[in-house]
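Asks: Okay, here's what each chain looks like letter by letter:
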Amino acid sequence: KAGVTQTPRYLIKTRGQQVTLSCSPISGHRSVSWYQQTPGQGLQFLFEYFSETQRNKGNFPGRFSGRQFSNSRSEMNVSTLELGDSALYLCASSFSGVNTGELFFGEGSRLTVL
Amino acid sequence: GQNIDQPTEMTATEGAIVQINCTYQTSGFNGLFWYQQHAGEAPTFLSYNVLDGLEEKGRFSSFLSRSKGYSYLLLKELQMKDSASYLCAVSIGGSYIPTFGRGTSLIVHP
Chain A
909 KAGVTQTPRY LIKTRGQQVT LSCSPISGHR SVSWYQQTPG QGLQFLFEYF
959 SETQRNKGNF PGRFSGRQFS NSRSEMNVST LELGDSALYL CASSFSGVNT
1009 GELFFGEGSR LTVL
Chain B
769 GQNIDQPTEM TATEGAIVQI NCTYQTSGFN GLFWYQQHAG EAPTFLSYNV
819 LDGLEEKGRF SSFLSRSKGY SYLLLKELQM KDSASYLCAV SIGGSYIPTF
869 GRGTSLIVHP
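Respectively, the protein sequence lines represent chains A and B. One gets the working numbering by counting positions in the first sequence from 1 and adding 908 to each. One gets the working numbering by counting positions in the second sequence from 1 and adding 768 to each.
For reference, chain A alone in the conformation it holds in the complex (with noise of 0.2 Å):
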């Protein structure tokens, strides 16, 4: 079965903009998770979305944002850009949430501001 795919691959952007970025899951899986990965502090929870509904935040302004439709697929949004924001945005899926184990990991999309 089709894997975990993210759009876009890679962007470019400059300070203030903002940027929206896709997630769709593996067909029957109703969690999505979000992350962000960079060198410096590795791999960070953004936040889990579960039957269109945030179940899970972690430690991040309100400039990240996110929201999951009836199909599952995800969007996380953030705003105002800020240099700090370039990373890699990973989101993760999985049938029951992030509990259960294992998740499904997009190969990411690579955000760059300047």
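There may be inaccurate statements among the hints.
Listed next, the stretches of chain A that the computed footprint assigns to chain B, with coverage defined by at least 3 CB atoms under 8 Å from CB atoms of chain B [as the list claims (entries may be wrong)]:
no., segment
1, 945-957
2, 1013-1022
Just some of the chain A residues that point at chain B, by a computed CB distance under 8 Å [stated by the list, open to error]:
no., residue
3, N964
4, G966
5, L998
6, E1010
Since the hints were made in silico from the structure, they are not lab data. Ideal placement from N, C-alpha and C gives every residue a C-beta, glycine not left out.
Here the structure of chain A is known, so what remains is to put chain B in place on it, guided by the hints.
Replies: Frame of chain A, contents of chain B only:
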């Protein structure tokens, strides 16, 4: 809060055995994950330990001691393709949010 420590980098020889350690200090511990991430690729799941002890899965084994806040990933019969970053992550609290360490970059040389 939670603190997860693992070595930044390790090197090993093809065919050898390597042990990657992970220590954590956290409250509300639920379980511990190991993921493998090749450069430029998505992390892939290796193991999830909830109870103390060793779990073996082919060439890879993972050990957990909850009382010591300690885990290790054991890789046997190393192959060149095992060169990757190995991420230790702890599931915490009622929400089970996974908290990741910064990863151990393993370099396997001939």
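Asks: Would the hint on L998 (chain A) be counted as holding, given a Cβ-Cβ threshold of 8 Å to chain B?
Replies: Nearest chain B Cβ about 7 Å off; hint holds.
Asks: With a cut-off of 8 Å on the beta carbons, see whether E1010 (chain A) makes it to chain B.
Replies: holds (4 Å)
Asks: Verify the interface restraint on N964 (chain A): the C-beta must sit less than 8 Å from at least one C-beta of chain B.
Replies: holds (5 Å)
Asks: Would you say the segment 945-957 of chain A counts as covered by chain B, given the rule of at least 3 residues with C-beta under 8 Å?
Replies: holds (count 6)
Asks: Mind taking a look at whether chain B covers the segment 1013-1022 of chain A? Criterion is 3 or more residues with CB to CB distance under 8 Å.
Replies: It holds, with 4 qualifying residues against the three required.
Asks: Quick check on G966 (chain A) please, does its C-beta sit within 8 Å of some C-beta on chain B?
Replies: It holds, given that the least Cβ distance between G966 (chain A) and chain B is near 7 Å, below 8 Å.
In this structure, none of the earlier numbered hints is contradicted; all agree with it.
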